[in-house]
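Chemist: Please build the complete structure, drawing on both the sequences and the hints.
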Amino acid sequence: DVVMTQTPVSLPVSLGGQASISCRSSQSLVHSNGNTYLHWYLQKPGQSPQLLIYRVSNRFSGVPDRFSGSGSGTDFTLKISRVEPEDLGDYYCLQSTHFPPTFGAGTKLELK
Amino acid sequence: EVKLQQSGDELVRPGASVKISCKASGYTFTSYSMHWVKQRPGQGLEWIGAIIPIIDTTEYNQKFKGKATLTADKSSNTANMELSRLTSEDSAVYYCAREGYGYRFDYWGQGVMVTVSS
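As you go down the protein sequences, you meet chains H and S in turn.
Residue 53 in our numbering sits at position 53 of the first sequence, and the numbers go up by one each step.
Residue 97 in our numbering sits at position 97 of the second sequence, and the numbers go up by one each step.
FYI, nobody ran anything at the bench for these hints, they're computed from the structure.
Beta carbons are placed, not taken as given, at the ideal position from N, Cα and C, and that holds for glycine.
Honestly, I wouldn't trust all of these hints.
Cβ-Cβ distance ranges computed for the label pairs, FRET-style [as the list claims (entries may be wrong)]:
#1 H:G73 with S:S76: 37 to 45 Å
#2 H:N33 with S:G15: 26 to 34 Å
#3 H:V9 with S:M113: 18 to 26 Å
#4 S:G102 with H:R66: 20 to 28 Å
#5 H:S20 with S:K65: 33 to 41 Å
#6 H:E84 with S:T87: 38 to 46 Å
#7 S:G102 with H:S26: 40 to 48 Å
#8 S:S76 with H:Q50: 23 to 31 Å
#9 H:T7 with S:G26: 30 to 38 Å
#10 S:S117 with H:Q47: 19 to 27 Å
Modeler: Given below as structure tokens:
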């Protein structure tokens with residue numbers, strides 16, 4: 001299985017500040033069709049995960065432009081600018097290029 | 001509006017089975033695969049398997065073969081997952097999630113907490 005390594009495990013931030021989360025895969029996430037199926041989720045306390053970014057850099061419907069994704073191959077990054085209280089929670093990356101789909105272990109975004 | 005409504009929390013005895021459901025609304029149920037994800041308390045997310053309702057084809061994470069059985073009822077737009085021979089390791093929240101365009105899980109149910117205890 002593809003191992004997804006997320007760092008850091010915990011990320012203290014100030015409101016209005018910026019946060020950056022890394023996700024590295026144990027093998028390239030470029031599919032044979034040329035697409036890269038790397039997605040980002042936020043799980044707020046007591047809630048289900050919600051899709052933020054799909055296919056590396058595309059914001060899902062309703063996701064503010066404070067969230068941005070980038071990367072290629074095996075290295076990916078989620079950036080959050082101007083952090084707001086509703087951004088706090090656990091962030092997960094997911095790869096669905098290879099079977100089975102696998103998630104990173106998560107990054108907890110919390111107040112400094 | 002796409003919605004996935006899951007059944008209620010369950011308390012089950014070790015060795016028993018449990019069936020949880022996920023009722024879909026707001027889209028054509030047969031047009032999208034449905035996935036299931038496990039989350040143990042305080043832990044990360046683990047993919048269990050998926051079903052393609054229109055052809056009743058399933059695929060499973062090797063780790064969950066023999067543990068989880070996925071089915072779909074097209075007449076009620078409901079996906080189901082049965083977990084068998086339950087142990088404490090199966091105590092977790094189980095989510096259903098629709099697979100949208102680009103192999104992404106775009107909508108999730110609210111989750112079902114399964115507690116295995118005597």
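Chemist: So, for every hint listed, does it hold in this structure?
Modeler: Status of the hints after comparison with the structure:
{"no.": "1", "hint": "H:G73 with S:S76: 37 to 45 Å", "in the structure": "holds, 43 Å"}
{"no.": "2", "hint": "H:N33 with S:G15: 26 to 34 Å", "in the structure": "violated, 44 Å"}
{"no.": "3", "hint": "H:V9 with S:M113: 18 to 26 Å", "in the structure": "holds, 24 Å"}
{"no.": "4", "hint": "S:G102 with H:R66: 20 to 28 Å", "in the structure": "holds, 22 Å"}
{"no.": "5", "hint": "H:S20 with S:K65: 33 to 41 Å", "in the structure": "holds, 38 Å"}
{"no.": "6", "hint": "H:E84 with S:T87: 38 to 46 Å", "in the structure": "holds, 41 Å"}
{"no.": "7", "hint": "S:G102 with H:S26: 40 to 48 Å", "in the structure": "violated, 21 Å"}
{"no.": "8", "hint": "S:S76 with H:Q50: 23 to 31 Å", "in the structure": "holds, 26 Å"}
{"no.": "9", "hint": "H:T7 with S:G26: 30 to 38 Å", "in the structure": "holds, 37 Å"}
{"no.": "10", "hint": "S:S117 with H:Q47: 19 to 27 Å", "in the structure": "holds, 25 Å"}
In this structure, the hints that do not hold are numbers 2, 7, in rising order.
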